[in-house]
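**Student:** So the chains spell out like this:
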Amino acid sequence: MVKVKYVARPKLSNMERIFFIDFIHGLKTTFKNLLRKTITTRYPYEKLTPPKRFRGTHAHRVKDGKEPPSFVVLEKFMEIHEGESRCVACYMCQQACPIPSLFRIEAEQLPNGKKRVTRFDMNLLNCLYCGLCVDACPVDCIIMTDEFENASDKRADCVIHMDDMCERGVSFDRRRYNEPDRIWIDDKAREKLWGQIKWTYTQ
Amino acid sequence: MAIIGGNNGIILTTVEEVLSWGRRNSLWPVSIGLACCAIEMMHTAASRFDTDRMGIIFRGSPRQSDVLIVAGTVVNKVAPMLKLIYDQMPDPKWVISMGGCSSGGGPFPTYSTLQGIDRIIPVDVYVPGCPPTPQALLWGIHQLQKKIKAKQEGKELKEIPVRTPKASFPVKG
Chain L
1 MVKVKYVARP
11 KLSNMERIFF
21 IDFIHGLKTT
31 FKNLLRKTIT
41 TRYPYEKLTP
51 PKRFRGTHAH
61 RVKDGKEPPS
71 FVVLEKFMEI
81 HEGESRCVAC
91 YMCQQACPIP
101 SLFRIEAEQL
111 PNGKKRVTRF
121 DMNLLNCLYC
131 GLCVDACPVD
141 CIIMTDEFEN
151 ASDKRADCVI
161 HMDDMCERGV
171 SFDRRRYNEP
181 DRIWIDDKAR
191 EKLWGQIKWT
201 YTQ
Chain F
1 MAIIGGNNGI
11 ILTTVEEVLS
21 WGRRNSLWPV
31 SIGLACCAIE
41 MMHTAASRFD
51 TDRMGIIFRG
61 SPRQSDVLIV
71 AGTVVNKVAP
81 MLKLIYDQMP
91 DPKWVISMGG
101 CSSGGGPFPT
111 YSTLQGIDRI
121 IPVDVYVPGC
131 PPTPQALLWG
141 IHQLQKKIKA
151 KQEGKELKEI
161 PVRTPKASFP
171 VKG
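Residue numbers (our numbering), protein chains in the order written: chain L, 1 to 203; chain F, 1 to 173.
These aren't lab readings, by the way, just hints derived from the structure by calculation.
Be aware that a few hints might be false.
[As the list claims (entries may be wrong)] So, partial list: chain F residues that the calculated Cβ filter (under 10 Å) puts toward chain L:
id	residue
1	Ile96
2	Pro107
3	Pro131
These numbers come from a predicted model, not from an experiment.
For every residue, glycine included, the Cβ atom is placed at its ideal position computed from N, Cα and C.
Full structure from sequences and hints, please.
**Tutor:** Printed below as a string of structure tokens:
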């Protein structure tokens with residue numbers, strides 16, 4: 001049997017009954033927020049900058065002289081010119097992916113014995129945006145950018161190809177390569193939104 | 001018969017223009033949330049990315065709404081209900097497929113999940129993402145508004161110019 005607890009109604013004093021003290025007490029929060037500056041961002045005209053490590057649409061880094069040492073080892077087996085995608089078609093991203101069927105990677109062997117990547121498609125409609133492919137890439141080729149505006153009325157437009165991934169990677173590196181890898185660009189922007197963080201230990 | 005003859009009539013074109021303007025600026029979606037995409041959909045309607053300023057008000061009944069935002073995984077058990085909700089909506093109606101799960105099955109290529117809602121209902125805009133950010137969903141809604149405008153003018157979607165500024169990501173410091 002469920003026990004029911006009866007609570008006596010608090011008795012109001014005459015002062016509270018006449019001047020609506022409780023009512024004004026509740027409206028205090030309303031008035032405090034009424035005078036505050038609004039936090040609404042007018043989206044198409046005013047866009048929030050995502051942090052650098054935001055996991056958005058995928059991109060390819062190109063061969064531009066900033067490659068890791070592992071690419072130098074693999075480079076002699078590959079037919080990659082300056083300004084082309086660094087991809088060596090090792091299928092590591094496909095191996096790491098939870099849904100491997102979203103990748104479509106093809107490579108061919110040229111008559112001089114070198115390998116050339118002919119196709120690198122990703123179906124973003126199946127993508128989890130987990131970033132495992134970025135971690136798996138041995139030559140630091142596939143990255144995730146801060147772009148997210150790829151809604152479309154066709155399914156085919158949601159599939160990204162190697163050439164537009166290269167363009168996206170070049171534009172991302174031009175904008176944000178030298179930026180420190182942290183969630184907020186500066187402490188002022190973070191404190192404006194979230195307030196000052198009080199650390200329990202000294203760093 | 002010039003008045004009835006579609007785009008050639010004088011009176012009906014003006015009426016259609018006004019109707020299209022009204023429709024694309026008051027898209028009322030049905031508030032159905034099926035999975036984690038619904039959290040981002042709620043965030044889009046909340047105060048930071050306020051959808052009310054664009055005339056998008058979430059309604060509780062499919063009879064009052066124009067847009068169906070399918071947010072989340074559609075399993076085979078829910079698919080008949082989704083179809084029912086779509087059938088209950090009055091014409092004209094549009095569908096936004098939000099996220100990977102409703103667009104193409106997403107990370108669930110299994111027997112129990114519907115591999116894309118376009119197997120049962122027509123879809124107007126696909127929004128990729130898992131889940132899409134509120135800004136990505138707003139971009140999808142903009143695509144839908146452009147599509148309604150393009151259909152009224154008898155054009156392709158790509159011929160309608162985008163009226164957004166080009167420098168989208170100002171980088172500080």
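**Student:** Is the hint on Ile96/F kept, meaning its closest Cβ partner in chain L is under 10 Å away?
**Tutor:** holds, 8 Å
**Student:** Can Pro107/F be said to touch chain L, with a Cβ gap under 10 Å?
**Tutor:** holds, 5 Å
**Student:** Against chain L, with CB atoms and a cut of 10 Å, does the hint on Pro131/F hold up?
**Tutor:** holds, 9 Å
Taken one by one, the earlier hints all hold for this structure without exception.
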